[in-house]
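Chemist: Taking the working numbering as reference, the numbering of the sequence shown is continuous, increasing by one, and the terminal residue is 262.
The reader is advised that the hints may include incorrect statements.
Said to hold, decoys possible - Calculated cross-link-like contacts (lysine-lysine; reagent style DSSO-like; alpha-carbon spacing at most 30 Å):
no., residue 1, residue 2
1, 117, 201
2, 146, 234
3, 146, 170
4, 70, 221
5, 242, 201
6, 239, 146
7, 250, 146
8, 239, 197
9, 117, 234
10, 146, 242
11, 117, 197
12, 250, 70
13, 146, 70
14, 70, 145
15, 234, 70
16, 170, 197
17, 197, 145
18, 239, 221
19, 250, 201
20, 70, 137
21, 221, 201
22, 242, 70
23, 170, 201
24, 170, 221
25, 117, 170
26, 137, 170
27, 250, 234
28, 197, 137
29, 145, 201
30, 145, 170
31, 234, 221
32, 242, 197
33, 239, 145
34, 221, 242
35, 137, 117
36, 221, 197
37, 70, 201
38, 145, 117
39, 137, 242
Source of the hints: derived by calculation from the structure; they are not laboratory data.
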Amino acid sequence: MKYVRASNFARLTVIGLNRNAINWNIMSKEKTKILNNETPGENLSVGFEAGVMLPPNTFLNADCMDYLPKCPSGYFDLAIVDPPYGRRNWTQGGTWGKKYGNKISEWDIEPNEDYFKELRRISTNQIIWGANHFGIKTDNFIVWKKLSIGETFSMGMCEFASVSNDGNSKIFEYPPQQSDRFHPTQKPVPLYRWVLKNYAKSGDLILDTHVGSASSLIACKELGFDYVGFEIDKDYYEKASKRVAGAFRKYELNFEQNEAAT
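Please construct the entire structure, taking both the sequences and the accompanying hints into account.
Modeler: Written out as structure tokens, the structure is:
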């Protein structure tokens, strides 16, 4: 059975869909109703706004800007994104810079204004890492203080994210080092877990336009949030997919063990 779940706009969730984008006509939450006997992939003429609706828990090796302009307005409840900062020159960082510098220079291109315009259109709220690089003004923000990074180290001691909704600014303290690191700007899963606990509500659909190492997706799985993610780099996408699969298997095993214990 196929059903519609209401948010700012109703989100159409179809059981058993594959991970391809599907064209849907969606209806406003005032017109929410049960849909039966429809074929996945067909246009459903049930509403007022047409768009591309990606099934929840989809992770695509694709440029997010191939999809965002086609998404219906307000489809996502919360976007947690970490776009390239556009620094290009990554010669600093000692061993880190030597390891990742050449690779970063290939994709470290700052998103244009169209990206931020679409991001705000399709999501109710946004948390944007590196907002200070994009000239985003905000009264509400997150500072991730990187424990174990000293004042003389070439890596920054903290990172900054803007928060679109009203609230008090917060600081999260956690070390950046990770044993399974493969992405140069890889953030720890506990950071995303903390962000979700503090800024997402139960039932929210989460968007990550630049997944990278997939720490955000792993945190979503652990806390029960549906997500849609994009990663344009094939190498990162494949490594992130393996990381996600491994984390999911571990999560399911722990869940089964806990269920058995009760």
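Chemist: Please go over all the hints and tell whether each is borne out by the structure.
Modeler: Right, here's what the structure says about each hint:
1. A threshold of 30 Å between alpha carbons decides the hint, and for residue 117 with residue 201 the separation of about 23 Å falls inside it, so the pair holds.
2. A C-alpha spacing of about 28 Å is found between residue 146 and residue 234, which places the hinted pair at or below 30 Å, so the restraint holds.
3. Distance restraint check for residue 146 and residue 170: the Cα-Cα separation of roughly 14 Å lies within the 30 Å cut-off, and the hinted pair is therefore satisfied.
4. Distance hint between residue 70 and residue 221 is fulfilled; the C-alpha atoms sit about 26 Å from each other, no more than 30 Å.
5. Between residue 242 and residue 201 the CA atoms are separated by roughly 28 Å; this keeps the pair inside 30 Å, and the hint holds.
6. Annotation: proposed proximity of residue 239 to residue 146 holds, straight-line Cα distance about 24 Å (limit 30 Å).
7. Restraint check for residue 250 and residue 146: satisfied, since their Cα atoms lie roughly 26 Å apart, inside the 30 Å limit.
8. Restraint check for residue 239 and residue 197: the C-alpha separation of about 26 Å stays at or below 30 Å, so the hint holds.
9. A distance of roughly 26 Å separates the Cα atoms of residue 117 and residue 234; the hinted pair therefore holds under the 30 Å criterion.
10. Between the alpha carbons of residue 146 and residue 242 the distance comes to roughly 26 Å, so the proposed pair stays at or under 30 Å and holds.
11. For the suggested pair residue 117 and residue 197, the alpha carbons sit about 26 Å apart, so the restraint of at most 30 Å is met.
12. Among the hinted pairs, residue 250 with residue 70 is inconsistent with the structure: their alpha-carbon atoms are about 35 Å apart, more than 30 Å.
13. Annotation: proposed proximity of residue 146 to residue 70 is violated, straight-line Cα distance about 37 Å (limit 30 Å).
14. Distance restraint check for residue 70 and residue 145: the Cα-Cα separation of roughly 36 Å exceeds the 30 Å cut-off, and the hinted pair is therefore not satisfied.
15. Between the alpha carbons of residue 234 and residue 70 the distance comes to roughly 22 Å, so the proposed pair stays at or under 30 Å and holds.
16. For the suggested pair residue 170 and residue 197, the alpha carbons sit about 13 Å apart, so the restraint of at most 30 Å is met.
17. About 18 Å separates the Cα atoms of residue 197 and residue 145, which keeps this hinted pair within 30 Å; it holds.
18. Between residue 239 and residue 221, the direct Cα distance comes to roughly 17 Å. Compliance with the 30 Å bound is thereby established for this hinted pair.
19. Of the pairs offered as hints, the one joining residue 250 and residue 201 holds, with about 24 Å between alpha carbons and a cut-off of 30 Å not exceeded.
20. Under the criterion of a C-alpha separation no larger than 30 Å, the hint pairing residue 70 with residue 137 is consistent with the structure, at around 27 Å.
21. This hinted pair checks out: residue 221 and residue 201 have alpha carbons roughly 14 Å apart, not beyond 30 Å.
22. At roughly 28 Å between alpha-carbon atoms, residue 242 and residue 70 fall within 30 Å of each other, so this suggested pair holds.
23. For the hint linking residue 170 to residue 201, the alpha-carbon distance of about 17 Å falls within 30 Å, and the restraint holds.
24. This hinted pair checks out: residue 170 and residue 221 have alpha carbons roughly 24 Å apart, not beyond 30 Å.
25. With a C-alpha separation of about 25 Å, the suggested pairing of residue 117 with residue 170 holds against the 30 Å cut-off.
26. Between the alpha carbons of residue 137 and residue 170 the distance comes to roughly 16 Å, so the proposed pair stays at or under 30 Å and holds.
27. Annotation: proposed proximity of residue 250 to residue 234 holds, straight-line Cα distance about 24 Å (limit 30 Å).
28. Straight-line distance between C-alpha atoms of residue 197 and residue 137 comes to about 24 Å, which keeps the hinted pair within the 30 Å bound.
29. Distance restraint check for residue 145 and residue 201: the Cα-Cα separation of roughly 24 Å lies within the 30 Å cut-off, and the hinted pair is therefore satisfied.
30. The suggested pairing of residue 145 with residue 170 holds, with an alpha-carbon distance near 10 Å, which does not exceed 30 Å.
31. For the suggested pair residue 234 and residue 221, the alpha carbons sit about 22 Å apart, so the restraint of at most 30 Å is met.
32. With a C-alpha separation of about 25 Å, the suggested pair residue 242 and residue 197 falls inside the 30 Å cut-off, and the hint holds.
33. Proposed proximity of residue 239 and residue 145 is supported: the alpha carbons are some 27 Å apart, at most 30 Å.
34. Between residue 221 and residue 242 the alpha-carbon distance is near 15 Å, which keeps this suggested pair within the 30 Å criterion.
35. Straight-line distance between C-alpha atoms of residue 137 and residue 117 comes to about 15 Å, which keeps the hinted pair within the 30 Å bound.
36. Distance restraint check for residue 221 and residue 197: the Cα-Cα separation of roughly 13 Å lies within the 30 Å cut-off, and the hinted pair is therefore satisfied.
37. Among the hinted pairs, residue 70 with residue 201 is consistent with the structure: their alpha-carbon atoms are about 25 Å apart, no more than 30 Å.
38. In summary, the hint linking residue 145 to residue 117 is supported, as the alpha carbons are separated by about 29 Å, within the 30 Å threshold.
39. Among the hinted pairs, residue 137 with residue 242 is inconsistent with the structure: their alpha-carbon atoms are about 36 Å apart, more than 30 Å.
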